[in-house]
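There are 2 protein chains.
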Amino acid sequence: MANFQKLTPRSEDYSKWYNELVVKADLAEQSAVRGCMVIKPYGYAIWEKIQAELDYRFKQTGHVNAYFPLLIPKSFFSKEAEHIEGFAKESAVVTHHRLMKDPNGKGIVVDPDSKLEEELIIRPTSETIIWSTYKNWISSYRDLPILCNQWANVMRWEMRTRLFLRTAEFLWQEGHTAHATKEEAIEEAEKMLNVYAEFAENVMALPVVKGTKSPNERFAGALETYCIEAMMQDGKALQAGTSHFLGQNFAKSFDVQFLSKENKYEYVWATSWGVSTRLMGALIMTHSDDNGLVLPPHLAPIQVVIVPIFKKQEDLNQLLPVLQPLYDKLAAKGIRVKMDTSDKQTPGFKFADYELRGVPVRLAMGARDLANSTIEIARRDTLEKQTLPIEGIDEYIATLLEQIQKNVYQKALNYRLENTREVNSYDEFKEEIKKGGFLLCHWDGTKETEEKIKEETKATIRCIPFADNIIAKEHINVFEEGKCMVTGKPSKQRVIFAIAY
Amino acid sequence: MANFQKLTPRSEDYSKWYNELVVKADLAEQSAVRGCMVIKPYGYAIWEKIQAELDYRFKQTGHVNAYFPLLIPKSFFSKEAEHIEGFAKESAVVTHHRLMKDPNGKGIVVDPDSKLEEELIIRPTSETIIWSTYKNWISSYRDLPILCNQWANVMRWEMRTRLFLRTAEFLWQEGHTAHATKEEAIEEAEKMLNVYAEFAENVMALPVVKGTKSPNERFAGALETYCIEAMMQDGKALQAGTSHFLGQNFAKSFDVQFLSKENKYEYVWATSWGVSTRLMGALIMTHSDDNGLVLPPHLAPIQVVIVPIFKKQEDLNQLLPVLQPLYDKLAAKGIRVKMDTSDKQTPGFKFADYELRGVPVRLAMGARDLANSTIEIARRDTLEKQTLPIEGIDEYIATLLEQIQKNVYQKALNYRLENTREVNSYDEFKEEIKKGGFLLCHWDGTKETEEKIKEETKATIRCIPFADNIIAKEHINVFEEGKCMVTGKPSKQRVIFAIAY
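Protein chains in written order, with the working numbering: chain D, 1 to 501; chain X, 1 to 501.
Quick caveat, the hints were computed from the structure, so don't treat them as lab data. Keep in mind that the hints are not guaranteed to be accurate.
Note that identical chains are pooled: a pair holds if it fits in a single copy or bridges any two copies.
What the hints assert, rightly or not - Straight-line C-alpha distance at most 30 angstroms; calculated DSS-like pairs for lysine-lysine:
(1) Lys24 <-> Lys101
(2) Lys115 <-> Lys79
(3) Lys406 <-> Lys16
(4) Lys311 <-> Lys473
(5) Lys329 <-> Lys135
(6) Lys311 <-> Lys483
(7) Lys333 <-> Lys406
(8) Lys452 <-> Lys49
(9) Lys115 <-> Lys101
(10) Lys264 <-> Lys312
These figures come from a predicted structure and were not determined experimentally.
Let's have the full structure, built from the sequences with the hints guiding it.
Structure follows, in structure tokens:
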């Protein structure tokens with residue numbers, strides 16, 4: 001049951017607001033295991049919607065699902081040098097396979113005789129185990145492409161964790177594809193970036209900038225990492241999804257070659273791409289307010305809640321002959337609607353609870369409305385209320401849900417555009433970065449400059465944006481040439497710097 | 001790509017037939033990690049259908065999904081005495097959280113400084129971590145019932161593994177519910193058994209016997225285990241799903257009490273219930289034949305395949321104006337249909353491939369059929385072929401799919417009934433059990449007798465059947481009283497003995 005002590009306002013402590021909201025809206029909570037979360041039923045219902053929408057898009061673009069082992073032999077993991085470098089420090093290691101009674105009578109202990117010959121790592125990502133499998137699946141160009149996706153749990157032993165944003169265990173999907181040519185692999189990596197962006201914008205109402213990562217921020221083992229970056233309400237950046245062009249790195253590490261049409265052995269080209277329960281964090285931090293969660297209708301487990309206002313059962317009995325047909329009409333339109341006739345809570349409690357949970361539209365009807373043939377409609381996004389004739393209200397609500405979807409997107413986009421600024425000198429940068437937001441700057445393309453900036457300001461390059469998306473207000477020319485704000489060396493375009501989650 | 005070396009016939013080596021079929025039909029394969037399988041895309045597509053059908057039924061009966069941690073602290077795991085006894089010997093144990101470069105230059109090793117204070121067990125089942133969580137969710141009768149399900153991977157370090165049937169890692173769902181009264185918990189456990197049975201029979205076409213387990217075969221920590229048992233084509237039994245009434249055992253171990261309506265603190269009553277990727281094994285072994293997989297239409301990823309017979313593109317171009325409208329009509333009826341216009345394989349190769357993969361209906365059309373306005377229809381279950389006028393064929397196929405669904409069920413049920421026999425003396429039992437099948441016998445209800453029989457014959461009590469299901473042919477009276485075949489002591493009803501997977 002929700003707890004109605006008020007949320008800490010965002011303006012007071014954004015981080016505390018987030019932590020409280022996640023727990024109070026019944027989305028997730030810390031478990032007894034360090035860094036691992038419990039995703040509660042309401043939070044999981046949103047994740048199921050995210051999964052269904054993405055899975056549909058993956059299948060529409062020709063992908064199939066499969067399942068690969070949770071555990072990866074340590075030796076596999078070490079085969080790709082950058083990859084092991086990237087994940088070694090956060091690996092959960094299985095070393096034994098049996099427990100026994102303590103011979104000294106002190107409960108249950110690990111049986112030392114059950115030590116594994118080779119340690120197994122709980123997957124932090126599955127490139128290695130999958131490419132060791134693909135070796136058996138691929139011999140000729142006829143076996144290509146392979147377009148597999150996996151829905152799975154993964155584990156990265158993070159030292160500092162936060163619900164949804166950074167947890168030791170998280171849920172995700174990971175696509176792993178194998179191609180005959182470099183061009184086809186790059187096309188795939190770009191295609192999936194576009195699938196993610198379309199999903200983020202149309203379903204999650206999350207405006208994102210598409211682009212590539214700088215070499216420092218690339219996935220461990222990738223030649224190119226494509227990303228979608230979003231801005232949270234505190235001006236920080238959040239990486240919402242990545243798609244990697246892996247070149248032939250994993251094919252070479254696991255010796256995966258194919259006989260080409262020209263009868264020559266060649267290494268296979270690879271991509272991988274993933275989004276995770278981190279998206280739940282992005283969803284919450286982009287739209288929600290001091291009253292609680294704000295959900296875009298396309299993701300809301302309950303889109304419309306109907307709350308009859310009554311004290312006695314007979315009052316309810318008078319309302320239901322009007323409300324039940326409305327419920328049926330909305331349900332028939334495919335709207336996810338709930339009728340709350342419980343007498344355990346007051347209407348005021350229910351209103352606050354549905355507000356906290358982000359239900360997009362709330363309908364309320366009492367005796368006076370009944371007499372007037374009207375109904376009260378409250379929008380969660382704007383908190384506006386209006387009373388309208390009940391006649392034709394189902395059509396109005398169907399339209400309203402789409403309006404709300406657009407409005408929460410537009411609001412988030414406006415916020416991002418207002419907080420995306422052009423910066424031309426490093427001195428200015430050091431001041432501006434303290435205010436948050438995306439800073440569009442010229443950079444000389446070197447690791448050294450990027451590292452210097454990170455060290456001195458904590459800001460990183462979030463994204464080298466593509467031309468085919470909305471990045472900033474029109475007066476900022478992102479794609480003109482210029483000079484690096486730190487070194488003065490030439491730069492082909494502005495890149496996005498920000499402090500990131 | 002499928003491999004058309006013929007399968008070993010079932011009559012020659014049933015076990016070998018199964019192992020070959022799983023791999024050749026592209027369902028699953030062994031991974032590089034001992035006992036862990038890769039579920040290949042075709043196998044996973046069937047599992048997704050199983051998931052969707054079950055998930056729908058769980059939600060219809062008021063359950064919600066959630067997600068709990070993969071790792072369980074060793075101390076939690078030890079709190080319920082029988083539970084730890086049941087799972088200790090097959091526990092994968094995480095002891096460290098970091099890898100490092102070997103200081104002696106020998107690759108990557110486990111960092112000894114990253115040893116965990118308390119070892120973590122990869123969940124073999126989640127009662128303990130879930131009940132430690134429910135403690136925070138439950139304080140009053142108003143918080144009950146809790147009706148959660150989880151879709152997850154689990155791990156049991158089995159020494160002898162077989163694809164789908166017994167693997168170290170497997171996928172499953174586990175329901176965990178909490179109730180205010182004993183009666184309500186028992187009702188829930190029984191309800192979910194009925195959900196499983198209805199699903200098994202109507203979707204998987206898998207005839208099952210519903211009943212309870214004997215004390216020896218109960219889940220570790222349960223007061224009662226309900227089960228559905230199926231018979232495979234080699235006469236062995238396979239446990240297809242279980243539902244447990246856990247009493248207050250886990251509530252007591254984790255101190256989960258609630259304030260009742262009468263204002264008294266009471267321990268919460270629990271159930272858990274699960275089915276796993278083992279169902280894939282049951283599906284394969286129940287219906288398939290020496291030509292490959294036979295899928296019931298309700299689970300088939302492809303229900304109907306259309307194979308145009310052509311050599312040149314122009315032949316195909318003549319067929320498509322007839323076949324494409326047929327494809328569209330079938331798809332419009334919600335039938336999962338595939339048109340195979342590939343020119344990479346011969347029609348003969350395609351026929352054998354779809355047969356191996358168990359596609360229920362295959363349609364083929366060549367030049368002669370086109371001239372005659374006919375089409376060839378092949379049923380996978382009976383291997384019958386017939387040529388029919390193409391006019392009205394879409395209606396015919398919709399009906400045929402339901403006929404096939406019923407036929408594969410009836411065939412499996414007939415097999416089971418023919419191999420379910422009454423046995424009245426232990427001498428007869430020792431002979432009959434060698435022939436396989438279900439043996440209906442009187443038993444005195446003691447562990448000692450059950451263990452003696454198991455030791456001497458390897459047979460176990462699979463199920464103490466309920467009266468409300470088809471158990472045997474009518475002449476066998478299961479519910480008359482009698483005397484135990486071993487000890488001569490009184491027995492209230494016959495129970496099912498069999499050799500089990």
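Evaluated hints:
Taking the shortest alpha-carbon separations for Lys24 and Lys101, neither the intra-copy value of 41 angstroms nor the inter-copy value of 43 angstroms comes in at or below 30 angstroms. Both within a single protomer and between protomers do Lys115 and Lys79 lie at most 30 angstroms apart by alpha-carbon distance, with minima of 23 angstroms and 24 angstroms respectively. Taking the shortest alpha-carbon separations for Lys406 and Lys16, only the intra-copy value of 28 angstroms comes in at or below 30 angstroms, while the best inter-copy value is 58 angstroms. Within a single copy, Lys311 and Lys473 get their C-alpha atoms no closer than 53 angstroms, and across copies no closer than 58 angstroms, so neither meets the 30 angstroms cut-off.
In this homomeric assembly, Lys329 and Lys135 never come within 30 angstroms of each other (Cα to Cα): the closest approach is 54 angstroms inside a single copy and 40 angstroms across copies. In this assembly of identical chains, Lys311 and Lys483 lie within 30 angstroms of each other by CA distance neither inside one copy nor across copies; the values are 70 angstroms within and 63 angstroms between. Taking identical chains as interchangeable, the C-alpha atoms of Lys333 and Lys406 lie at most 30 angstroms apart only when both belong to the same chain, with a minimum of 19 angstroms there against 34 angstroms between chains. When the C-alpha separation of Lys452 and Lys49 is checked against a cutoff of 30 angstroms, the pair qualifies neither within a copy, at 41 angstroms, nor between copies, at 52 angstroms.
When the C-alpha separation of Lys115 and Lys101 is checked against a cutoff of 30 angstroms, the pair qualifies both within a copy, at 16 angstroms, and between copies, at 21 angstroms. Within a single copy, Lys264 and Lys312 get their C-alpha atoms only as close as 82 angstroms, which misses the 30 angstroms cut-off; across copies the closest is 28 angstroms, which meets it.
In this structure, the earlier hints numbered 1, 4, 5, 6 and 8 are contradicted, and the remaining ones agree with it.
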